Every structure is written in structure tokens, then in C-alpha cells.
Amino acid sequence: NAGVTQTPKFQVLKTGQSMTLQCAQDMNHNSMYWYRQDPGMGLRLIYYSASEGTTDKGEVPNGYNVSRLNKREFSLRLESAAPSQTSVYFCASSWTGGRTEAFFGQGTRLTVV
Amino acid sequence: AQSVAQPEDQVNVAEGNPLTVKCTYSVSGNPYLFWYVQYPNRGLQFLLKYITGDNLVKGSYGFEAEFNKSQTSFHLKKPSALVSDSALYFCAVRTPTSGTYKYIFGTGTRLKVLA
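Protein chains in written order, with my numbering: chain A, 1 to 113; chain B, 1 to 115.
The following label-pair restraints were derived from C-beta to C-beta distances: (1) B:L56 to A:T7: 38 to 48 Å; (2) B:A115 to A:A2: 33 to 43 Å; (3) A:A2 to B:R110: 27 to 37 Å; (4) B:T20 to A:M27: 27 to 37 Å; (5) B:P18 to A:G3: 25 to 35 Å; (6) A:S51 to B:Q2: 18 to 28 Å; (7) A:K14 to B:K58: 40 to 50 Å.
Listed next, the stretches of chain A that the computed footprint assigns to chain B, with coverage defined by at least 3 CB atoms under 8 Å from CB atoms of chain B: (8) 33 to 41; (9) 46 to 60; (10) 89 to 98; (11) 105 to 113.
Here chain A is said to cover these stretches of chain B; the calculated rule only asks that three of the stretch's residues, wherever they fall, bring their Cβ under 8 Å from a Cβ of chain A: (12) 34 to 43; (13) 46 to 58; (14) 103 to 115.
Hints in this document: simulated from the structure, not taken from any laboratory.
Computed from a prediction, not measured in an experiment: that's the story for all the values here.
A virtual CB, placed ideally from N, CA and C, is assigned to each residue, including glycine.
Based on the sequences and whatever the hints tell you, model everything.
Below is the structure:
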């Protein structure tokens, strides 16, 4: 039982390049999330998907797009990477109801030079 | 606006001593509250949660947390700290926003347990 799997684990991009971060969960969860973690700022929500077929902006969506491909997969795309997007990105999943905790992937460390 | 505050960037405690990591929240309605731990180069791991009922909740690795509605706090505690407890701790709240539950995280508190 893998839980939440993110790929890649590390990535270095040049400014202006694009890339897609992949996330898959095998817990049959309805909701999925993308967060970024920066020193001193905690985790900030980029986008989330409450259920298959829906996506919504979080706190810091600018410069990102997402796709909820199916119930298992939720990808995050950077169309034109900027140094300000250097961060650690975490994908998470949970049941939609409020009483349950989220499960996190191991993270993707992205550096934009 | 809904928010979570962790007022201490770092907490230092001697091994064997009790530890407290503070968390306060500001939300409308009844919150669901969570604590997570992050070890270096790892994802967040769930420790415990408060949903309803007893204000003292017990979780993994000997941690517990006390919910105080009047003070809007949810402090993480452990009676006797271990060096292996050294990590980054996050408090989170989950509330319905536009009919969808989202997790809002604090900025994190680094716990250092000194041998």
C-alpha cells in the first residue's frame, strides 16, 4: 500500500521551462491537494480538488495549473517556471468529510535557476 | 479569515523534560484540529486530531494535545521528550469553505530535544 506517490523527487529547471509534477494516491480518497512549503511560511495551498472533475484555487495559485486526471491522479503544472517557484511541493489526499486527516506524499524539491 | 498561529519558531527542551508546542486558531464554526510532524526530507505524518468530545486527545509516539475552546488553542504536549522527537511540527485546522473542506496550516515549530 503505497499511499501518496509523487514524482519526481528532485528537479532543477531553468527560468521559463515548463514541467508537470505527478501525484497518485491508492486510498480511494475523494479530495486531493497541492501545497508548497517555504521556510518560515509553513504550507500554503496552491490548488485542491474536492472530487473527481472539480478543481479550485487555493491561497497561491498564480503560475500554476492543475489537472484531476481521474480519482487517483492530480497533477500540477508550471507553464513557465520562475525562481520564485523554487520550493518543496507536497501532494496530499483525504476523504472529503471534515473529520479525517490528510495523507502526504514525500515531496518534490524544485529549484528554478 | 480563517487562520492558524504557531507563535514559536523553535522550542528547545532537555531530554526527559515535558514539552509543549503551542497552536491557536481563528475560524468560524466548530473546527477540526490536527497535528502533523515532519522529519528532514520527508512528508508530513499525522500525529493526532480533535474532532469532538474529550478535550484531551492522545496520538502517536506518546504525544497528546489539549483543546481549549475558550482560548481557541490546541497545544501539543508530551510528558517526557526524546531526542528522536526533534522535528518540525505543524498544527492544522479543517473547516468548510464554500462547501469544501480545506486544511489550513500554521507556519510550523521546530522542536529541538537536547541530550
